[in-house]
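Peer 1: Here is what each chain is made of, one letter per residue.
Number of protein chains: 2
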Amino acid sequence: MSDPAESVARAPLTIRMQERDNVAIVANHGGLPAGTVLPGGLVLRDKVPQGHKVALVDFARDDAVVRYGIPIGFAVEAIAAGSWVHERLLKMPDARGLDQLPIATVKPAPLPALEGYTFEGYRNANGSVGTRNILAITQTVQCVAGVTDFAVRRIKSELLPLYPHVDDVVALAHGYGCGVAIDAPDAVVPIRTLRNISLNPNFGGEVMVVSLGCEKLQPERLLPPGSFAIVDARQPEGEALDVVCLQDDAHVGFMSMVESILRQARVHLERLNARRRETVPASALVVGVQCGGSDAFSGVTANPAVGFCTDLLVRAGASVMFSETTEVRDGIDQLTARASTPAVAEAMIREMAWYDAYLQRGSADRSANTTPGNKKGGLSNIVEKAMGSIVKSGTAAITGVLAPGEKLQTRGLTYAATPASDFICGTLQLAAGMNLHVFTTGRGTPYGLAECPVIKVATRTDLARRWHDLMDVNAGKIADGTATIEETGWELFHLMLEVASGRKKTWAEHWKLHNALVLFNPAPVT
Amino acid sequence: MSDPAESVARAPLTIRMQERDNVAIVANHGGLPAGTVLPGGLVLRDKVPQGHKVALVDFARDDAVVRYGIPIGFAVEAIAAGSWVHERLLKMPDARGLDQLPIATVKPAPLPALEGYTFEGYRNANGSVGTRNILAITQTVQCVAGVTDFAVRRIKSELLPLYPHVDDVVALAHGYGCGVAIDAPDAVVPIRTLRNISLNPNFGGEVMVVSLGCEKLQPERLLPPGSFAIVDARQPEGEALDVVCLQDDAHVGFMSMVESILRQARVHLERLNARRRETVPASALVVGVQCGGSDAFSGVTANPAVGFCTDLLVRAGASVMFSETTEVRDGIDQLTARASTPAVAEAMIREMAWYDAYLQRGSADRSANTTPGNKKGGLSNIVEKAMGSIVKSGTAAITGVLAPGEKLQTRGLTYAATPASDFICGTLQLAAGMNLHVFTTGRGTPYGLAECPVIKVATRTDLARRWHDLMDVNAGKIADGTATIEETGWELFHLMLEVASGRKKTWAEHWKLHNALVLFNPAPVT
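Going down the list, the sequences are from chains V and U. So for the first sequence, the numbering used here puts the first residue at 1; every next one is plus one. So for the second sequence, the numbering used here puts the first residue at 1; every next one is plus one.
The hints are simulated quantities; they were obtained by calculation from the structure and are not laboratory data. Accuracy of the hints is not assured; some may be wrong.
What the hints assert, rightly or not - Using C-beta positions, here's what the derived DEER-type ranges look like:
#, chain 1, residue 1, chain 2, residue 2, range
1, V, G97, U, D94, 39 to 47 Å
2, U, R361, V, A95, 20 to 28 Å
3, U, A113, V, S157, 46 to 54 Å
4, V, W490, U, V252, 27 to 35 Å
5, V, R361, U, T482, 33 to 41 Å
6, V, K512, U, A64, 29 to 37 Å
7, V, S157, U, H510, 16 to 24 Å
8, V, Q360, U, A113, 36 to 44 Å
9, U, K504, V, K512, 29 to 37 Å
10, U, P39, V, P185, 47 to 55 Å
11, U, D94, V, A274, 56 to 64 Å
All figures in this text were calculated on a predicted structure; none of them were measured in a lab. Where a beta carbon is used, it is the ideal one built from N, C-alpha and C, also for glycine.
Modelling step: build the complete structure from the supplied sequences, incorporating the hints.
Peer 2: What follows is the structure, given as structure tokens:
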């Protein structure tokens, strides 16, 4: 089998995203040396690393450097054609103001319906569908994490083998629940996040809670009467929440607490074990898309392929969330223009404005987003990163907006406002009801979640080769010229249906690689 | 053996802390019914639960309700003697201003030296002493947590049995490292916290790091050259930090990453395994004291016993930290008065002012501290809670102040400013260099840390009886009248030396109950 990465290394290859771009990025693994003659005749004046930009024209000081058709920065000095345009040569544009934005101007034509695609999922009483059949143990507070872990180890070894139709038992541990300003205005975010994670479709409506007793986040506050009955029709309205309270007077000795948890777990395991997968339309998918460890290829290979797949999902009637506020902030005008209604556009502006103010309160701004790895990978600043990130959202009209931790109620394409932190974004998308996660990476991350399958897409063939048993899809083939964006998007779509059906495990599932739930708590701790 | 709790239940018993207090708390398990005649003749007008206050005099509206000798609130209506004084009858006093405080006025006489007490500890190259011999694996970012967990499971099963003098292997997982505003002013707190935890004396100066590669918190930023050499004299100044970088080009396939971690772990395990306990003076103890799940007995039994023990430790030349800013804020005047110098008092005021402003930024104040469990346990508000909490600090002069995440450099009694959240406080005390943790609880919590032994002290005999295999010391005997504060303080002191020496395990160690590290990050996430 010929090695596409090797063939790429032989011929100089640069990628320009749009006609009006005056820079292109170097696609070759290992970069290109000074003196390289590019197709068209331009000679490199510097060594340019892979993913980094080369000047296609002569720039005077203050000239706009254009990529993705927009100015990603202004030259701080003259730059000759053929030079390496690195981040120290660029002044970042100011953030676009949030007034006078185009509101629902694009009116994208409805995409043609995509019919006939199905997967095998677990139908829940409330109409949602799980891609996995997991017993989740909700915790009101970090205090109970040690005891719950102890109990979960016993459940896994003693009980789970008796219930072969249950995929896993997951303790929903977190750092919240006490020692926090629970009545501060912003405390609504972590509280609804925890509530909605408990109700994720992959948990089958079986809600069981381990509580300490004296914590601020009391079980009835976390899951008020009625909130949990919604997902479980077998639990009549008004039925008590299933809570194991460690401080209960009936508990004498540590093992009595553990036994209480095991006893209650058995009740839920019985019901989960009786469930079977059924054929459901692809519209039952609730997909969260995210990127982490981005490089200059993210916006060239993996994210466009995900964007194409996002359109397929929307056409199939499914739900897709894109997120990461600071990574789309610089494209706010594209997003408000694509909103299906003015109300949707206004909701996006509201979320962006909230985040601007949140960052400012901490003496930071959107430029705090980029990482050393982004820059090493060729992304000069957050504007360039955002242009590559936003592509994941495809081309459909944006029909919904969620504030952090809210639960998704609509189908189609939704902007779920979250921080860009991989683990916080994933946690909030779980709360929104995600049953399948797509994660693109250029630098490489072994990211995974215990609560939901994560399909990881590599932006470069080199990464996909080295991390062959961690990356599920190689979008680097697009840069190699061995696959198109459309082909890779379809490959991802088909893989999603396989993974959702449980016929295929992701690499993160294979190795049981799980990141922690990390809550977004904009309120103070006490 | 007679049951002290039962004997208490028979005779009505109330506890008044100071002569001028005009309320007392009910000590009897189960509380006392209306009509009960107290010693002295006062008749209860209401049923008063255990730990709750009874009015010893008639109060007019706005009269001060005095406990611990200070007004913990003002009556919102007339209250007759013998009534239950619950939190809804009290208006909380305003927070004491931070100007015009008494500065170093008390000048406590130096406590008499306590000589001859020793324990068996692990001497470190920098002079610090470990109470355990643990291989800690530092992580720069949450991204690597799944891979590190996988490797740690293998280290525990394959390697640890070969190194019998090593107590444990602990992955220092956390939610920080990327997706955060790492250059925001307040980011200094989580970064120095992680750095200083890596250098905790219980890890023997063996610093190994798992890094992703592209994260914001680069290994050299977390542990700059020289910072780690300080604790490990074998590591000459300038020697490279031991980092396993997952994105390293040499890693091909997941198992190659795991093998890299195992290979490096072996190097450190070899060195740790060569260490032996030596007899060291009690002055090598670095004790963090904390309370969690407090009730009205916390300030009557467990915390006074801890305070007595704090004095013993200071007399023995050891280091003791008390913390929990919002739980001592209302006693700031006592603390500044006890400062050894004006500079120490000013540092305390600076930390309190910082925290006041931090809470205010999130539309909260110190009153956000109290929990439903506190109130159920009889604590009406944060003023009353603080008076009971501050007692843990004993009577010695306060000679040091630490900002959150800073490393302790001095002996004696230090105010280590931290949030009151149990897990955050414990995490910050670990960063300060704590090698032994004392935790008092009234409501009961199964708190534990993987990094350091935690001795748990129950405030009530009923809790100590029910949680017999979770609580290490029963301070409830003080309320029962079967032990004095001094006796219980000495009992704790002797137990500390046993636990520090590894001759005795705490219950949290026995069951391997570990809470997560939870960082204090006052800066924004991105």
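Peer 1: If a hint holds in the structure, say so; if it doesn't, say that too.
Peer 2: We went through each hint and held it up to the structure:
no. : hint                           : verdict
1   : V/G97 with U/D94: 39 to 47 Å   : holds (41 Å)
2   : U/R361 with V/A95: 20 to 28 Å  : holds (22 Å)
3   : U/A113 with V/S157: 46 to 54 Å : holds (53 Å)
4   : V/W490 with U/V252: 27 to 35 Å : holds (29 Å)
5   : V/R361 with U/T482: 33 to 41 Å : violated (53 Å)
6   : V/K512 with U/A64: 29 to 37 Å  : violated (59 Å)
7   : V/S157 with U/H510: 16 to 24 Å : holds (19 Å)
8   : V/Q360 with U/A113: 36 to 44 Å : violated (53 Å)
9   : U/K504 with V/K512: 29 to 37 Å : holds (35 Å)
10  : U/P39 with V/P185: 47 to 55 Å  : holds (48 Å)
11  : U/D94 with V/A274: 56 to 64 Å  : holds (59 Å)
When held up to the earlier numbered hints, the structure conflicts with 5, 6 and 8 and fits the remainder.
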